[in-house]
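Asker: Chains as they are written, first to last, in our numbering: chain A, 1 to 389; chain B, 1001 to 1136.
Check the hints yourself; a few may be wrong.
Going by beta-carbon spacing under 7 Å, a handful of chain B positions derived as facing chain A [said to hold, decoys possible]:
1) Cys1039
2) Gly1040
3) Tyr1073
4) Arg1103
5) Ala1107
6) Lys1108
Note that these hints are calculated values from the structure, not bench results. Heads up, the beta-carbon is just placed ideally off N, CA and C, and yes, glycines get one too.
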Amino acid sequence: MRPVAVVGVGLTQWGKRNDVSLGELIVESAEHAFEDTKGLASKDIEALYVANAQSERFTEQAHPANLAAEFLGISPKVTSRIEMACASGGAAFRNAFFAIASGQANSALVSGVEKMCNVPSPEAMRNLCLVEDLTWESFHGMIPPSGFALIASRYMHEYGVTQEQLAKIAVKNHKNGAKNPIAQFRKEITIETVLESPMIAHPLNLYDCSPISDGSAAAILVPAKEARKYNDTPVDVIGSGQFMEPSLNCSNMQSLTTWRALVNAANNAYSMAKLKPKDMDLAETHDCFTIAELIECEDLGLCKKGEGPQLIDSGENEIGGRIPVNPSGGLKSKGHPVGATGVAQIAEITEQLRGECGPRQVDGAITGITQNLSGFATHHVVHILRRQN
Amino acid sequence: MTEQPMNLPYYLVYPESQIKPFWDNLAQNRFTSTKCPNCGVLWPPKSTCPQCGGKVAEWIELKGTGEIYAKTYVGASPPAFKDLLPYIIAIGKLDEGILVVARVENAKFEDLKIGTPIKIKIKKSFGLDSYVFIPA
């Protein structure tokens, strides 16, 4: 295994993108990523991983990896479309990491994309319900928010957290997202905005939930030794972990409130990086719902188990605090085009470690962590990035 | 015809061959699952244990009683469930130790606590054999 670095990242504007097609979205973020490098171009790409969850359902177009290759005008020798529902982006990045680390490719492009706003929102929700267990969950009326609401009810019982504390996560992420030019919702909200928004699945209201989004994100990886040729400030990928529980539905999870798959994925990543949670300067976590960010902070070790609510109240998770979480605005404010999310987390950490984030910059950040999940938190992908010396 | 919840009733009309007894038993008003010799009662019923990977052949009768383990009240849903809105979904912890997801009927959400006794009621849903929880 040879060391790997990120030398280019790119994002499209996220939100409703009726002005472009699925293929054009892929090209848009890839072009930004190439512009971010010193001289790399699409013809140089030896490995392509397309992270996409449901192009068949949302845009009636399957086979998005070939679509990407055609739109980008490349014929990579190592390639795949990666479908891991909401964790597709993190999983695709991990595959690209291995392609470079193993020596099979000397350059890799990860393209995360989802175009979800073509269909009415009830249909979008139905599509997302396909990620659940059809027979034992969806058939009973389970929806993605209700799964995380069940988790929230259990957390409230075991450790205690109020709806106001959960709302503070949404307020923080909107505050950060307001400073992110590509975010879907660039407006600040208040605790009242969250508490007074329509109930989706008690105790989660509309503003506890991430939106339906169109968007794309791209990252370019090369061997760390060659990285300075392509970027003055390369970012090394020093830890990678992935783990899933043997469970499509939530019935077989070891615990609803301590996510075994996340703890294991994080341990694997920390162990590879030879670092500890206290060494992280910032985190991009998968806040598909506010309760998710709370548990993620605990299971990533950014605070102790059961102390997530205190972390929220303390403000230490804000930009300028001890451990800023989701400075990009997170899924909540930036948006959640499913396949793109995990790649966008990598892009945000990369730009933060290079000091390029302007008003939402985490000062002096050297090491950052990403966490991307799918299902009812049964599957997690974690990466640790560090600015190259 | 009632709209199918997911447009894909495939797994319910043609269930996994190895767990066909579950649906046959359900049609006869019996709530059953499989039991792994190493890991105990499984839910959902499986012919391979997700925990140890071992083959599972034993079927057992479930008492169908237990308590609320987690609960939520759903206010937005895919089109197929809109006539049911708002509805309660719970994870019930049955006496055999398994966690089962189902809607809760004949109950007010405010009255349900973690630990409230519930039981399985076998009834049809979308024209197919199914089950819900009701207060015990």
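Asker: Take the hints in turn and mark each one as holding or not.
Answerer: Here's how the hints hold up against the structure:
At about 10 Å, the closest approach between the beta carbon of Cys1039/B and any beta carbon in chain A exceeds 7 Å, and the interface hint on this residue is violated. Below 7 Å, beta-carbon pairs count as interface contacts, and Gly1040/B has none with chain A, the closest being about 12 Å; its hint is therefore violated. Nearest Cβ of chain A to the Cβ of Tyr1073/B: about 4 Å, under the 7 Å cut. The hint holds. For Arg1103/B, the interface hint holds, since its Cβ comes within 7 Å of a Cβ in chain A; the closest pair sits about 6 Å apart.
Taking 7 Å as the C-beta contact cut-off toward chain A, the hint placing Ala1107/B at the interface is violated, the least distance being around 14 Å. Contact between Lys1108/B and chain A, as hinted, is not supported at the beta carbon level, the nearest pair being about 12 Å apart and thus beyond 7 Å.
In this structure, the earlier hints numbered 1, 2, 5, 6 are contradicted, and the remaining ones agree with it.
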